[in-house]
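Trainee: Which chain is which? The protein sequence lines are R, Z and G, in order. What the first sequence shows, in the working numbering, is residues 1104 to 1243, in sequence order. What the second sequence shows, in the working numbering, is residues 1104 to 1243, in sequence order. What the third sequence shows, in the working numbering, is residues 1104 to 1243, in sequence order.
Each hint should be verified, as a subset may be incorrect.
Which copy? The list can't say, so a pair holds if one copy fits it or any two copies do.
As the list claims (entries may be wrong) - Keeping only pairs whose Cα atoms sit at most 25 Å apart, straight-line, the calculated SDA-like set for lysine to any residue is:
{"#": "1", "residue 1": "K1152", "residue 2": "I1221"}
{"#": "2", "residue 1": "K1232", "residue 2": "L1132"}
{"#": "3", "residue 1": "K1105", "residue 2": "N1219"}
{"#": "4", "residue 1": "K1152", "residue 2": "V1220"}
{"#": "5", "residue 1": "K1187", "residue 2": "G1210"}
{"#": "6", "residue 1": "K1213", "residue 2": "Q1107"}
{"#": "7", "residue 1": "K1232", "residue 2": "D1119"}
Hints were generated in silico from the structure; no laboratory data involved.
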Amino acid sequence: MKDQKATIIVHSGEHDKIYSALIIASGALAMGMETTLFFTFWGLERLKKNGIARGKLSNMNFLGIGKYIMSRKMRKSNVIPLEKLMKEFRELGGRIVACDMTMDIMGVDKDNMDMNVIDEFGSVGTYLKYATESQLNLIV
Amino acid sequence: MKDQKATIIVHSGEHDKIYSALIIASGALAMGMETTLFFTFWGLERLKKNGIARGKLSNMNFLGIGKYIMSRKMRKSNVIPLEKLMKEFRELGGRIVACDMTMDIMGVDKDNMDMNVIDEFGSVGTYLKYATESQLNLIV
Amino acid sequence: MKDQKATIIVHSGEHDKIYSALIIASGALAMGMETTLFFTFWGLERLKKNGIARGKLSNMNFLGIGKYIMSRKMRKSNVIPLEKLMKEFRELGGRIVACDMTMDIMGVDKDNMDMNVIDEFGSVGTYLKYATESQLNLIV
């Protein structure tokens, strides 16, 4: 799948949606696709400083089963925490774009953003440039 | 990006989802793409008479921050209200299709629909005709 | 639309989302497209034994109108129940893939799954193989 590209817009902030997005995105990278994630609206909140770490705490019950049972299941099944998935995605060469229009609307400053996980700030034009070159485009 | 096409199914009725859909759709139009929005289920509710206007009132807190703070932020950042985005989308040549099957299920009559924002009534066949010709297909 | 393919990831478990996915998927099949549905996370729950039947009871109010009014509307409009849509989708040649990683995380055994509706167990690699060959890819 060389020369193919993929984009996923992360509009939702829910752990399970971001989890799905990262699993698909890292899978696409592993198959040789150039992959870009666009974080906007509730998703963008997760790119604030400590945004993903906050996620880590609550994604314990992201399958609705209760925290205790789920955390036991997750230890057993070695599910990977979101920040580790995000780190691996970027180490594999994945690109993370933060939506600057959402930042404007929310009055969020670049100083509040976690620059350890952001490659680029961009607008809808940035997104469409990537999306129209991509074989796979999703929004979660 | 001439000769490229885009579709977005608006299944959700939430303001932030419709907002994202309209921003992407108008961006696609601006880049020369033929763009169609399909409103179905909760999205279709917003095409009823006054459906988008009702939206205007409550999208003040679509970023979850509380209405007062948000409306102040929005005045400052000049965020565009949904009905204005919708109007601009159509003035730029965007097409809005209302799902007639959803109308059947809900027993909604064409008389209840806001014909100022609808270009066409269509079914899944209409959607698939556009989608299979499009480079970019999303559902929110 | 022969030789075209479609995929839909069913991440959500909500009746209206699955309903939309099945309507689009069956429409795509009817137009000659090879169509695959990937059930993951909350969607996967619906592929457990009796998972879709449980859906049948509660999708009465999936348009938020109250169960009594909605069920009357649905009798009148002959809306098709989810399990019937699922059955027809598969009879038309549609493929249903269950995400084995979600099963691992949740500690769900194959014995708990409804093998009457599942064609195949697969991972993100299975999905990407289909998706990169497809003209239409959605996630609900």
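Trainee: Given identical chains, is K1232 near L1132, meaning Cα to Cα at most 25 Å, within a copy, between copies, both, or neither?
Mentor: So K1232 and L1132 pass the 25 Å test inside a copy (19 Å) and across (13 Å) alike.
Trainee: Taking 25 Å as the upper bound on the Cα-Cα distance, should K1213 and Q1107 be classified as within, between, both, or neither?
Mentor: For K1213 and Q1107, neither the intra-copy (31 Å) nor the inter-copy (34 Å) Cα distance is at most 25 Å.
Trainee: Between K1152 and I1221, at a C-alpha cutoff of 25 Å, which is it: within one copy, between copies, both, or neither?
Mentor: Result: close within a single copy only, 11 Å intra versus 42 Å inter.
Trainee: Reference check for the pair K1105 and N1219, CA-CA at most 25 Å: within, between, both, or neither?
Mentor: neither (27 Å within a copy, 37 Å between copies)
Trainee: For K1152 vs V1220, is the C-alpha pair at or below 25 Å within one copy, between two copies, both, or neither?
Mentor: within (10 Å within a copy, 41 Å between copies)
Trainee: Within a copy, between copies, both or neither: which one fits K1232 and D1119 at a CA-CA cutoff of 25 Å?
Mentor: Answer is between; shortest inter-copy Cα gap is 22 Å, intra-copy 27 Å.
Trainee: For K1187 vs G1210, is the C-alpha pair at or below 25 Å within one copy, between two copies, both, or neither?
Mentor: between (28 Å within a copy, 22 Å between copies)
In terms of the numbered hints stated before, the structure departs from hints 3 and 6, listed from lowest to highest.
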